[in-house]
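Respectively, the protein sequence lines represent chains A and B.
In the working numbering, each number is its position in the first sequence, counted from 1, plus 223.
In the working numbering, each number is its position in the second sequence, counted from 1, plus 223.
These are calculated hints, taken from the structure and not from any lab test.
Check the hints yourself; a few may be wrong.
Remember, identical chains collapse to one label, so a pair may be satisfied in a single copy or spanning two.
DSS-like cross-link-like pairs, simulated, lysine-lysine; straight-line CA separation at most 25 angstroms [as the list claims (entries may be wrong)]:
1) 384 <-> 372
2) 293 <-> 392
3) 325 <-> 271
4) 294 <-> 394
5) 294 <-> 379
6) 392 <-> 271
Protein chains: 2
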Amino acid sequence: MQREIVVLRYGHRHVRDYRVTSHCCLVARAFGANRIEVIGEEDREIAKTVQEMNERWGKGAEVEFFDDWKKRLSFYKQKGFAPVHLTMYGLPVQNVEAELAKIDKLLVIIGSQKVEREVYEKADYNVSITLQPHSEIAALAVFLDRLQKGAELGKKFGGAKIEIEPVSKGKKVRPIGQE
Amino acid sequence: MQREIVVLRYGHRHVRDYRVTSHCCLVARAFGANRIEVIGEEDREIAKTVQEMNERWGKGAEVEFFDDWKKRLSFYKQKGFAPVHLTMYGLPVQNVEAELAKIDKLLVIIGSQKVEREVYEKADYNVSITLQPHSEIAALAVFLDRLQKGAELGKKFGGAKIEIEPVSKGKKVRPIGQE
Chain A
224 MQREIVVLRY GHRHVRDYRV TSHCCLVARA FGANRIEVIG EEDREIAKTV QEMNERWGKG
284 AEVEFFDDWK KRLSFYKQKG FAPVHLTMYG LPVQNVEAEL AKIDKLLVII GSQKVEREVY
344 EKADYNVSIT LQPHSEIAAL AVFLDRLQKG AELGKKFGGA KIEIEPVSKG KKVRPIGQE
Chain B
224 MQREIVVLRY GHRHVRDYRV TSHCCLVARA FGANRIEVIG EEDREIAKTV QEMNERWGKG
284 AEVEFFDDWK KRLSFYKQKG FAPVHLTMYG LPVQNVEAEL AKIDKLLVII GSQKVEREVY
344 EKADYNVSIT LQPHSEIAAL AVFLDRLQKG AELGKKFGGA KIEIEPVSKG KKVRPIGQE
């Protein structure tokens, strides 16, 4: 199955959320999402950071900003995506991950501090990663790791200029396509 | 095996890193770490946030600030802890997690933007979560989830005043000890 994953980051506030939204986007890209949409105040720096990473470290998801989450949700529902909202109030991931892994198109919604009640209602699944408050960045990473059963951990990104050679100490980065 | 996990957040800068370090601490707590140490400029707000969470949601790890990571590393090494540094340049988690799961005392080090070379050298293990740049918050969460094989996901925290009742839609929180 060729799974398609779109990550929707709900509720970005300019400046204030810069670093947290950046982390969300970088995690979505690194863990193999196909696309990232951010709902909120546009921040070109974030889109640019991810774009530069795609140029250097290989082609992954790109980021685009939108105003209206309901329109994006409708758009993806019409395309056959199942909206999965990550929230501490939802059903434990370990109970639903096998079912979710069978779905080939997922819209993974991650919120910021305040999420409208309608998001819970319009999502096909509300899923929790632990039953404690923590971080949408962490929730996204653990969810994508469990959904893909770790297949994303060794993912190669096409068109990379450099790649890491894992080492037990220090750092090793090698250029690609230049012997 | 009663595993002991201490999370060491290396390099906190006051104000600038507030939210990211907060996320790190909340993740460490929610994913069952026993203790959190932050190296850098003291921020009482962060310690207080985690303390309040422990009072409300149940007793988990507490946060303390220190100046000198080398002293803390020595302290934990003497106590028999194995330092594990999470870094994109390290050995893939999927290759080392079985070995690491056998260790009963782990000092999990997560960095911020710049980490001194000595951290890589003094760590017993340098471990990567994907070979792409992303987030120390995500790396910590995925590492703790894999290390504990998901046992942390259903963890109950003692002395909680409230707890979540997982539901497929909406939010449900119940007080504890008041029938």
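Evaluated hints:
Neither within a single protomer nor between protomers do residue 384 and residue 372 lie at most 25 angstroms apart by alpha-carbon distance, with minima of 27 angstroms and 35 angstroms respectively. Only between protomers do residue 293 and residue 392 lie at most 25 angstroms apart by alpha-carbon distance; the minimum there is 17 angstroms, versus 47 angstroms within a single protomer. For a Cα distance limit of 25 angstroms, the shortest separation of residue 325 from residue 271 qualifies neither inside one copy, at 33 angstroms, nor across copies, at 42 angstroms. Only between protomers do residue 294 and residue 394 lie at most 25 angstroms apart by alpha-carbon distance; the minimum there is 24 angstroms, versus 44 angstroms within a single protomer.
Proximity of residue 294 to residue 379 under the C-alpha cut-off of 25 angstroms is found in neither arrangement, the shortest distances being 33 angstroms within a copy and 38 angstroms between copies. With identical chains, the CA atoms of residue 392 and residue 271 are never at most 25 angstroms apart, being 31 angstroms at best within one copy and 35 angstroms at best between copies.
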